[in-house]
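Trainee: Taken in sequence, the protein lines are chains H and G.
Heads up: the first sequence at position 126 corresponds to 377 in our numbering, and the numbers run straight through without jumps.
Heads up: the second sequence at position 188 corresponds to 439 in our numbering, and the numbers run straight through without jumps.
These are computed hints drawn from the structure, not numbers from a lab.
Check before you lean on any hint, since a few could be wrong.
No copy labels: a pair is met if it fits in one copy or bridges any two.
What the hints assert, rightly or not - Subject to a maximum C-alpha distance of 30 angstroms in a straight line, what follows is the list of computed DSS-like cross-link-like pairs (lysine-lysine):
| id | residue 1 | residue 2 |
| --- | --- | --- |
| 1 | Lys287 | Lys486 |
| 2 | Lys295 | Lys398 |
| 3 | Lys287 | Lys471 |
| 4 | Lys486 | Lys390 |
| 5 | Lys514 | Lys390 |
Protein chains: 2
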Amino acid sequence: MKNITDILIDKINEVQNPTVAGLDTRIDFLPESMTKNAKSAEDKAKAITEYNYKLIDALKGIVPSVKIQSAYYEMYAHYGVKAMNDTAAYAKKNGMVVMADVKRNDIGATAEAYAAAYLEDSDYDYITVNPYPGYDGIKPFVDAGEKNGKGIFVLARMSNPSAAELQNLDVGGEPLYMRVGSLIEKWGASVIGKHGYSAVGAVVGATNPTEAKELRKRFKTVFFLVPGYGAQGGKGADAAASFDEKGGGAIVNNSRGLIAAYKNEKYKGMTYYEAAAAAACDMREDLMRALKDNR
Amino acid sequence: MKNITDILIDKINEVQNPTVAGLDTRIDFLPESMTKNAKSAEDKAKAITEYNYKLIDALKGIVPSVKIQSAYYEMYAHYGVKAMNDTAAYAKKNGMVVMADVKRNDIGATAEAYAAAYLEDSDYDYITVNPYPGYDGIKPFVDAGEKNGKGIFVLARMSNPSAAELQNLDVGGEPLYMRVGSLIEKWGASVIGKHGYSAVGAVVGATNPTEAKELRKRFKTVFFLVPGYGAQGGKGADAAASFDEKGGGAIVNNSRGLIAAYKNEKYKGMTYYEAAAAAACDMREDLMRALKDNR
Numbered sequence: 252m253k254n255i256t257d258i259l260i261d262k263i264n265e266v267q268n269p270t271v272a273g274l275d276t277r278i279d280f281l282p283e284s285m286t287k288n289a290k291s292a293e294d295k296a297k298a299i300t301e302y303n304y305k306l307i308d309a310l311k312g313i314v315p316s317v318k319i320q321s322a323y324y325e326m327y328a329h330y331g332v333k334a335m336n337d338t339a340a341y342a343k344k345n346g347m348v349v350m351a352d353v354k355r356n357d358i359g360a361t362a363e364a365y366a367a368a369y370l371e372d373s374d375y376d377y378i379t380v381n382p383y384p385g386y387d388g389i390k391p392f393v394d395a396g397e398k399n400g401k402g403i404f405v406l407a408r409m410s411n412p413s414a415a416e417l418q419n420l421d422v423g424g425e426p427l428y429m430r431v432g433s434l435i436e437k438w439g440a441s442v443i444g445k446h447g448y449s450a451v452g453a454v455v456g457a458t459n460p461t462e463a464k465e466l467r468k469r470f471k472t473v474f475f476l477v478p479g480y481g482a483q484g485g486k487g488a489d490a491a492a493s494f495d496e497k498g499g500g501a502i503v504n505n506s507r508g509l510i511a512a513y514k515n516e517k518y519k520g521m522t523y524y525e526a527a528a529a530a531a532c533d534m535r536e537d538l539m540r541a542l543k544d545n546r
Numbered sequence: 252m253k254n255i256t257d258i259l260i261d262k263i264n265e266v267q268n269p270t271v272a273g274l275d276t277r278i279d280f281l282p283e284s285m286t287k288n289a290k291s292a293e294d295k296a297k298a299i300t301e302y303n304y305k306l307i308d309a310l311k312g313i314v315p316s317v318k319i320q321s322a323y324y325e326m327y328a329h330y331g332v333k334a335m336n337d338t339a340a341y342a343k344k345n346g347m348v349v350m351a352d353v354k355r356n357d358i359g360a361t362a363e364a365y366a367a368a369y370l371e372d373s374d375y376d377y378i379t380v381n382p383y384p385g386y387d388g389i390k391p392f393v394d395a396g397e398k399n400g401k402g403i404f405v406l407a408r409m410s411n412p413s414a415a416e417l418q419n420l421d422v423g424g425e426p427l428y429m430r431v432g433s434l435i436e437k438w439g440a441s442v443i444g445k446h447g448y449s450a451v452g453a454v455v456g457a458t459n460p461t462e463a464k465e466l467r468k469r470f471k472t473v474f475f476l477v478p479g480y481g482a483q484g485g486k487g488a489d490a491a492a493s494f495d496e497k498g499g500g501a502i503v504n505n506s507r508g509l510i511a512a513y514k515n516e517k518y519k520g521m522t523y524y525e526a527a528a529a530a531a532c533d534m535r536e537d538l539m540r541a542l543k544d545n546r
């Protein structure tokens, strides 16, 4: 079975764009025309699904991947979960690599159930996972991924302001996120693809370029998923810290900066999906410039 | 608004049983008669819902609370999520305190969406939360809980074998779980109820009585949710380490030891719900004896 991180890297190279579009689709991102008759949770979930479909139509060929943030779907109970899964199926059908940003974590037996939910017979290629339970909470995801050609991204150093509260605690002379990085490297040692990166990646925020550079330098087989670009304050130059010297090894997430770009003065007059495509092209340019400067 | 931990403690006192029944309802726990025609995810989710309803009918009046483990429902996509929410509604209607064991965690804006999903207009009284993102990933849950009379349990020291891998790392002379305990105490300081315990509790495994005793001694306002009793190896005496000197301050989870008790030789000949009730009475006795010995 082909390594999913090889597939992701090939798709990134194909479109020359290491960007993942974050479908953190909040109902207030939608134009009023799409929501004015959406009163119930079911209606809202359907409107969000329709919005996502058009975004996918516009973004395929420009970005290689979408990341669906579960929280914005769980808000609408089972209707929302159906919207999330329908969105995943549509993105998959359109040739995109699909990430479920669920940050699941539990003891072994329960992690097996989560792995069954997201990494067996599903349209997700990757899910995000929280490392707090340690290896027996991670192994079921790694095993299911290996069996089914899927992967995981484990939280290492997050992008939010208080992430350092636990993640930067000193543990024997290094910050906790570095220790977690070592574990991620070890957990993925058996699933390294032909491009040299494993199917067990790390989440490393663009808001902390110094930490990202350290992690990048030390863990050469770990592919990074980089949140925090755009609305959270990270710029191309910050995100570039997560890339290797050849401009590979990472993919940068942008959510509202793409999917709600039409609310930005810069893209005025465009539809939301035209604006998303235009913003994705602008982001590609910003990243490519930063990666060139980074070499 | 009444503090949810006060409500929980009052219910525990009413039935004299600090037990929460874990509805980690795996399809293979169900008798064959209930599953032989359940082929689709929708059928299976419905069978699980029916199983849960009868368990709730049998357990109410014996145990004060149920904890629903999300993973076993997410396996059945949106059908499973509906089963989970239907189960919560039924338990709530029957006067039980309802916990969603979802271990959610994310950056602030996304944690707000999760808080909206589980702590606004829902039948859940508590959810479990992972501390890895630090305070801005926790605050939305604390705020929503304060507004709506609900609470959270934050993972401190889990019950699984590899939990120590991160949670026992030394951070400045104390293990990480102790540091997390301090944070939990601080995060809940504004929501302490009349019984002296806050609406921000901690998950502390019964499989680590030494750690639990330390945590109990130091954090007098933090209520503990104690997994690991039964199938994971914890006994009444181990669970007792999480209780205060008056036999309060904690609630002990048991999942398959109750909900699949009918598969145990001891309860042979009983229906699954009769066996669950009998096992819950046996567990109450075990805990009460241990708490007496503990004083």
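Trainee: Taking each numbered hint in turn, which are not upheld by the structure, reported in ascending numerical order?
Mentor: 1 and 3
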